[in-house]
Amino acid sequence: MTGTRPLISCRGLTKVYRMGDQEVRALDGVDLDIHEGEFVAIMGPSGSGKSSLMNLIGALDRPSSGEMWINGRALSEMSRDELADLRNETLGFVFQQFNLLARQDAFQNVRLPLRYARKEVGDIDARARECLELVGLGTRMDHRPMQLSGGQQQRVAIARALSNRPRILLADEPTGALDTKTTDEIMNLMQDLNRQGITIVVITHEAEVAEYAKRQIHFRDGRIETDTAHTDLKRASGG
Amino acid sequence: MKIGLAATSAAEALFSNPLRSLLTMLGIIIGVASVMVMMSIGEGAKAQIEAQISSVGTNVVTLQPGSMNRGGRNQGGGSARPFNESDVAAIAEQPYVEAVTGSLSSQGVNAVSEETNWVTSIQGANADFFEVNNWHAVEGRDFTQQEVQAGAAVALLGKTTATNLFPRGDALGQRMRVNGIPIEIIGILEAKGQSGGGGMGRDRDDMILAPLSMVRNRITGGNRWVSRHVSSIQVLVQDGYDVIEAQDELATLMRERRRIEPGAQDNFSVVNFADMIKQRAAVAENMSMLLAFTAAVSLIVGGVGVMNIMLVSVTERTREIGLRMAVGARGGDILLQFLVEAVVLCTLGGIIGMGIGWVGVYAYAQISQAPMLVSPIIVATALGAAASVGLLFGFFPARRAAQLDPIQALRHD
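Chains as they are written, first to last, in my numbering: chain U, 1 to 239; chain A, 240 to 652.
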């Protein structure tokens with residue numbers, strides 16, 4: 001199932017934004033394959049198109065032209081509901097600003113994707129607890145986001161992204177709001193998850209963060225500039 | 240499952256801003272309270288009117304001297320020439336008449352028993368009175384036509400008169416004096432209660448019923464111009480005969496007997512009290528409709544308020560909606576969430592409004608001494624109306640939320 005067919009595949013992917021009477025080509029004919037089990041860092045300066053790519057891979061946005069496939073299915077042929085189900089079952093998101101629901105505690109936040117699941121997901125509460133324990137927050141399940149540190153909030157967000165057992169974890173500047181030490185912790189957690197078989201795509205403009213990934217793709221002006229394998233993986237001193 | 244999710248997030252959203260929720264609910268609260276007051280006043284009036292109709296009987300026609308305008312108000316009845324016994328006899332011969340009685344009454348007569356005295360009214364009638372009014376003795380017996388013809392000094396007492404005149408409850412068989420005339424009490428009438436509504440009622444059980452001839456000869460005295468006069472005539476129309484037609488025929492008969500020239504105005508009136516009560520019912524119905532309209536307007540205004548606040552809520556929570564979509568909420572899930580929120584908001588307002596409405600109904604019942612009617616149907620209608628407003632006015636904001644673009648919603652701030 002892996003091997004030949006890529007998990008994520010893009011061909012001629014183009015995204016054009018209109019700003020007044022000006023056209024901005026955020027993505028300009030990108031071809032990209034990502035296979036199951038990869039840990040990819042997408043890098044580039046702001047405005048290089050990396051976030052646009054992330055939104056397209058995440059089925060949150062539709063391309064202006066070009067086609068993309070996730071797990072062999074063409075996204076252009078899917079309805080809004082099918083895209084919602086794809087996000088729910090196959091994808092997990094981690095955002096720079098965490099995007100936790102402020103009025104709900106950690107446990108409820110992690111439970112959210114499970115409650116929208118249409119497939120049988122088993123014991124929701126048990127799964128949410130399991131995910132929070134996985135990210136080391138088993139003792140803070142009843143804390144609201146305001147009562148948690150930035151690193152802890154991002155762990156809750158990761159636990160939420162994992163709750164539906166996604167095949168792909170998409171992280172958009174996951175450490176952008178965190179200090180160096182916490183960044184290490186979060187990236188180590190991602191490496192662990194990748195070792196367990198989850199495909200990870202991280203967007204970052206920090207070279208340090210990209211050091212944790214097995215593959216680094218540099219974007220510039222909406223195109224892929226370099227795409228290199230990276231063997232000398234960084235590990236945090238303590239990890 | 241999905242409803243549960245929507246309901247919990249709805250409750251959270253409402254309680255996170257209680258003041259705003261309460262203000263939003265205000266229109267619904269007022270609307271539901273007025274729906275409730277309106278419906279129970281309407282039902283109370285209807286019940287009262289139905290009780291009156293059944294007590295009067297729908298096929299009883301009353302003839303009174305003096306003309307009556309269309310609104311049913313008596314105009315100077317006192318000065319008009321009264322009817323007499325031969326009028327009653329003529330009416331009795333009509334084929335459509337089941338029973339007929341003349342009637343003569345006197346207010347403020349002084350009744351004296353061995354124990355005490357009591358000021359009341361006395362009504363004279365013939366033996367058909369009992370059938371016409373479907374009103375009989377519960378103790379003792381009705382008087383007979385022989386007693387009426389003989390002018391026997393016998394009487395039946397209304398419940399109130401009996402208790403006041405004979406506090407020990409032994410009125411039957413006793414004697415009393417009415418304006419000095421000794422009369423034997425042969426029966427106690429069935430209790431009828433208050434007549435008329437709106438505090439204008441009089442106690443129909445506070446009266447003495449006696450043979451017409453005896454009352455005329457010994458209590459009221461005769462009329463200077465009309466011999467053997469009666470002040471009004473009550474006619475029971477046969478079952479199956481059209482009451483309106485009977486009214487017309489009675490009017491024709493009376494015009495002949497009173498020698499009224501063609502084209503001249505009647506100097507008497509023929510009234511079916513059931514009709515008059517039905518007219519009152521129609522007025523009450525119109526009143527109800529007006530109140531219903533007011534309530535509907537208030538609910539619509541409340542609904543617009545709900546829609547407004549839901550739109551604000553959707554805008555405020557755009558990011559949350561985006562996040563929910565990112566983790567897999569379908570448009571339908573978001574629609575349901577906001578729809579449930581609007582319905583919960585309105586239903587909550589409905590419950591508060593019902594509490595206030597109940598107080599209003601209770602106050603009205605106290606003031607007007609009307610029966611207080613809060614039926615399950617009223618409660619269901621009031622709550623149903625509130626929930627429907629939520630559904631109706633919540634739909635547009637909810638659909639707007641559901642149609643948001645995930646990425647734009649996520650980027651919103």
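Treat the hints as calculated values from the structure; they're not laboratory data.
Where is the CB? At the ideal position from N, CA and C, for every residue including glycine.
One or more hints might be untrue.
[Stated by the list, open to error] Some chain U residues judged to face chain A by a derived CB distance under 7 Å, without partners named:
#1 Arg80
#2 Glu82
#3 Arg115
[As the list claims (entries may be wrong)] Across the chosen pairs, the derived CB separations fall in these ranges:
#4 A/Val543 x U/His230: 52 to 62 Å
#5 A/Leu550 x U/Ala74: 30 to 40 Å
#6 U/Thr226 x A/Val543: 54 to 64 Å
#7 A/Leu550 x U/Ser46: 25 to 35 Å
#8 A/Leu529 x U/Met78: 50 to 60 Å
#9 U/Gly12 x A/Gly623: 33 to 43 Å
#10 A/Thr533 x U/Ala74: 55 to 65 Å
#11 U/Met78 x A/Asn547: 32 to 42 Å
#12 U/Ser46 x A/Val536: 32 to 42 Å
#13 U/His143 x A/Leu529: 55 to 65 Å
#14 A/Asn547 x U/Asp192: 26 to 36 Å
#15 A/Leu529 x U/Ser79: 43 to 53 Å
#16 U/Val16 x A/Val551: 28 to 38 Å
Each hint, compared with the structure:
Contact between U/Arg80 and chain A, as hinted, is supported at the beta carbon level, the nearest pair being about 6 Å apart and thus within 7 Å. Because the smallest distance between the Cβ of U/Glu82 and any Cβ of chain A comes to about 9 Å, over 7 Å, the interface hint for this residue is violated. Look at U/Arg115: its Cβ gets to within about 5 Å of chain A, closer than 7 Å, so that hint holds up. Taken as a hint, the range 52 to 62 Å holds for the pair A/Val543 and U/His230, whose Cβ atoms sit roughly 60 Å apart.
Under the hint 30 to 40 Å, the C-beta atoms of A/Leu550 and U/Ala74, about 36 Å apart, fit the expected range. In this structure the supplied range 54 to 64 Å holds for U/Thr226 paired with A/Val543, their Cβ-Cβ distance being about 58 Å. In this structure the hint that A/Leu550 and U/Ser46 lie 25 to 35 Å apart at CB holds, the actual value being about 34 Å. As the Cβ distance of A/Leu529 to U/Met78 is approximately 55 Å, the hint placing it in 50 to 60 Å holds.
Hint check: U/Gly12 to A/Gly623, Cβ distance near 56 Å, so the stated range 33 to 43 Å is violated. Taken as a hint, the range 55 to 65 Å holds for the pair A/Thr533 and U/Ala74, whose Cβ atoms sit roughly 58 Å apart. At roughly 35 Å, the beta carbons of U/Met78 and A/Asn547 sit within the given window of 32 to 42 Å. The hint said 32 to 42 Å for the Cβ distance between U/Ser46 and A/Val536, and at roughly 55 Å that hint is violated.
Range check, U/His143 to A/Leu529: about 57 Å between beta-carbon atoms, so the 55 to 65 Å window is met. A/Asn547 and U/Asp192 have their C-beta atoms about 49 Å apart, which leaves the hinted 26 to 36 Å range violated. One distance hint, 43 to 53 Å for the beta-carbon pair A/Leu529 and U/Ser79, holds here, with the actual separation near 50 Å. For U/Val16 paired with A/Val551, a C-beta distance near 33 Å keeps the hint of 28 to 38 Å intact.
When held up to the earlier numbered hints, the structure conflicts with 2, 9, 12, 14 and fits the remainder.
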